[in-house]
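Participant: Chain D is already provided as a structure; the job is to place chain S on it using the hints.
Listed below are the residues making up each chain.
2 protein chains.
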Amino acid sequence: MFELPNAETLYQSLQAQVAEAITRKPEGTVYLVGILSGGAWLAERLHRDLELAGRPGVLNISLYRDDFDRIGLHHQTQPTDIPFPVNGNHLILVDDVLYTGRTIRGALNEIFDYGRPASVQLAVLIDRGGRELPVAASLCATQLEVPEGQNVALQRDGERFFLTLEDAHA
Amino acid sequence: MFELPNAETLYQSLQAQVAEAITRKPEGTVYLVGILSGGAWLAERLHRDLELAGRPGVLNISLYRDDFDRIGLHHQTQPTDIPFPVNGNHLILVDDVLYTGRTIRGALNEIFDYGRPASVQLAVLIDRGGRELPVAASLCATQLEVPEGQNVALQRDGERFFLTLEDAHA
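Chains as they are written, first to last, in our numbering: chain D, 594 to 763; chain S, 594 to 763.
Since the hints were made in silico from the structure, they are not lab data. Take the hints with a grain of salt, since some may be wrong.
The list treats identical chains as interchangeable, and a pair is accepted whether it falls inside one copy or across any two copies.
Said to hold, decoys possible - DMTMM-like mimics (lysine to aspartate or glutamate), calculated; alpha carbons at most 25 Å apart, straight line:
id: 1; residue 1: 618; residue 2: 741
id: 2; residue 1: 618; residue 2: 725
id: 3; residue 1: 618; residue 2: 738
id: 4; residue 1: 618; residue 2: 642
id: 5; residue 1: 618; residue 2: 644
id: 6; residue 1: 618; residue 2: 674
id: 7; residue 1: 618; residue 2: 703
id: 8; residue 1: 618; residue 2: 637
id: 9; residue 1: 618; residue 2: 706
The shape of chain D in the complex, shown without the other chains (with noise of 0.2 Å):
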C-alpha cells in the first residue's frame, strides 16, 4: 500500500532548505514566486513564516504550458501577478511538485518575460522523477516515487497542508 508523505514535516524541510538559500544571497536581493496553486501557498507561506518583506510572486502558467492545446485553461483564474522587480534579483521558484519538467520550463519562460534574473533557484515539496526535459531542484524536501497513472496533490485545510492521491487526468 502506497503511503503519502506528511505534508507538514515536508515543508519544514522546505522552509530551512529555503531559509538557509536565502543567506547565501545579498539581503534584500531575493524574491519567492510560487507556481498555482501549490507552489503559491507554498510561498505563501514561506514569505510568512521566514518574515520576508513586500508579498511573493503567482505564476499562472496556463498559457505556458507546452500542451496548452490539449489540456486547455485550468479552472484557475489567478492571474500571475510579480510584485517585484525581476530583473538583476535572486528568484526561488516554487512548485509543489516536479515530475515532466514542462511546467518548470513555461515558468522560466513567464518570468524571463518580466526581466533577466541573476538566478533562479526550483524549490520544491516532492520530486516524483519522471523528468521529460533537463531540469532540477536544488531545493526538494524529499524524493517519492508515485505510482503510475496516479498524480500527488498538495491540498490544504486552513492553515494545514496535506497531500492526496488522484488518478492522473486522462
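Facilitator: Positioned in the frame of chain D, the structure of chain S alone reads:
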C-alpha cells in the same frame, strides 16, 4: 596548479552513457542535437561512433540567449539545422560545458520552435557548477571546479578532442 582532464577519456564516458540512454527508448525515436560549437562536434562524433541513422541536429542559439544584448552576435555563422522530426521524439541535447544553464534554456526554446519533443535529455562533457537556472544534465562525463574568471572549452585537432582554459571575456 589546475589541471584539465583528458577530453578523449571524458568523451568515452559520455559516449557510453549516451549509448545506454538510447537503448532505454523505442528504436528509431532518439535523435542527437548539438549546441555550436563544442556540442555540435560532440554530437557529430557520437552520431558516427554510435552508428546512428541520418544526421545529428545543430543548434545555433546566439539569438536565443537572454544576454544577447550584452554579448552580441557570435562569430558562429553556421545556422541551426534540425534534420529530423522533433514532435513526439526523444532528443539528446549535447553541449561541451554546463555552467549557468542559460544556454540550455535558449536551446530548449529553440527546439520547441520546431515541435514538442517526447523528451529532452541533456548530455555534457563537463558540469562546472555555477548554475543560475534550475537545469541539470542526466548524462555527464565529469564534474569539474573551474577557477573563477576562466572558461573551459572544447577544441578539436582533426578528430582528437582536447580542452583549453581561457580568461572569460569581459
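Participant: If a hint holds in the structure, say so; if it doesn't, say that too.
Facilitator: Verification of the hints:
no.: 1; hint: 618 with 741; verdict: between (38 Å within a copy, 18 Å between copies)
no.: 2; hint: 618 with 725; verdict: between (30 Å within a copy, 12 Å between copies)
no.: 3; hint: 618 with 738; verdict: between (32 Å within a copy, 20 Å between copies)
no.: 4; hint: 618 with 642; verdict: within (19 Å within a copy, 44 Å between copies)
no.: 5; hint: 618 with 644; verdict: within (16 Å within a copy, 47 Å between copies)
no.: 6; hint: 618 with 674; verdict: within (23 Å within a copy, 40 Å between copies)
no.: 7; hint: 618 with 703; verdict: within (23 Å within a copy, 31 Å between copies)
no.: 8; hint: 618 with 637; verdict: within (20 Å within a copy, 40 Å between copies)
no.: 9; hint: 618 with 706; verdict: within (23 Å within a copy, 34 Å between copies)
Of the hints listed earlier, there is not a single one the structure fails to meet.
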